[in-house]
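Please construct the entire structure, taking both the sequences and the accompanying hints into account.
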Amino acid sequence: AQATDKWVAVGSPADFVLNEPKKVTLDGGAAVFVTRTADKTFAAITAKCTHHGCSVNWHDDDKQFECPCHGAAFAKDGKNIHGPRRNPTEGLKPLASIPLRQQGGSLQVNLGAVAPSVVIPG
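Note that my numbering numbers the sequence shown so that position 43 is 43, with each residue one more than the last.
Read the hints as simulated data drawn from the structure, not as lab findings. Even glycine gets a Cβ: it sits at the ideal position worked out from N, Cα and C. Do not take every clue at face value.
[Unchecked claim] Below, simulated DSS-like cross-link-like pairs (lysine-lysine); rule was C-alpha separation at most 30 Å, straight line:
id : residue 1 : residue 2
1  : Lys79     : Lys22
2  : Lys23     : Lys63
3  : Lys76     : Lys6
4  : Lys23     : Lys6
5  : Lys79     : Lys6
6  : Lys6      : Lys93
7  : Lys40     : Lys93
8  : Lys63     : Lys22
9  : Lys76     : Lys22
10 : Lys6      : Lys40
11 : Lys63     : Lys76
[Claimed, not checked] Ranges between beta-carbon positions, derived for each pair:
id : residue 1 : residue 2 : range
12 : Gly105    : Arg85     : 41 to 49 Å
13 : Asn19     : Gln103    : 20 to 28 Å
14 : Pro13     : Pro84     : 32 to 40 Å
Below you can see the structure in the form of structure tokens.
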């Protein structure tokens, strides 16, 4: 375990539907999306856009994460689809994967690996 490890519960496995990312806001304002990727497999990624740190939202109709600040879009696994580029030859970095574990009937993410998102009002 690392000194920054701080595991926090995000819900029970039954709270998550197959292939539907669910946003969970953690203490301190950081947010993650947890997705059931198979019957007993889950993944978590940060809701923090890799452009300027705004909080992305899942759009079920488009099956992608979208950033309301500058129009970046990310696939369900966090890979950048399109959006602003700091360097014209490089796309944005993917949304960061967050360590996740199941313990005592609940899913937990490592809060030490989650940076707070910038929340844009409105």
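Each hint tested on the structure:
1. Lys79 to Lys22: Measuring from Cα to Cα gives roughly 17 Å; hence the hint holds.
2. Lys23 to Lys63: Satisfied, since the Cα-Cα distance of roughly 14 Å is no more than 30 Å.
3. Lys76 to Lys6: holds, 25 Å
4. Lys23 to Lys6: holds, 19 Å
5. Lys79 to Lys6: With a Cα-Cα distance of about 26 Å, the restraint between lysine 79 and lysine 6 holds, given a limit of 30 Å.
6. Lys6 to Lys93: holds, 25 Å
7. Lys40 to Lys93: holds, 28 Å
8. Lys63 to Lys22: holds, 13 Å
9. Lys76 to Lys22: holds, 11 Å
10. Lys6 to Lys40: holds, 23 Å
11. Lys63 to Lys76: Holds, at roughly 7 Å.
12. Gly105 to Arg85: 41 to 49 Å: The hinted range 41 to 49 Å holds for glycine 105 and arginine 85, with Cβ atoms some 43 Å apart.
13. Asn19 to Gln103: 20 to 28 Å: holds, 23 Å
14. Pro13 to Pro84: 32 to 40 Å: holds, 36 Å
Going down the numbered hints, you'll see the structure goes against none, and every one checks out.
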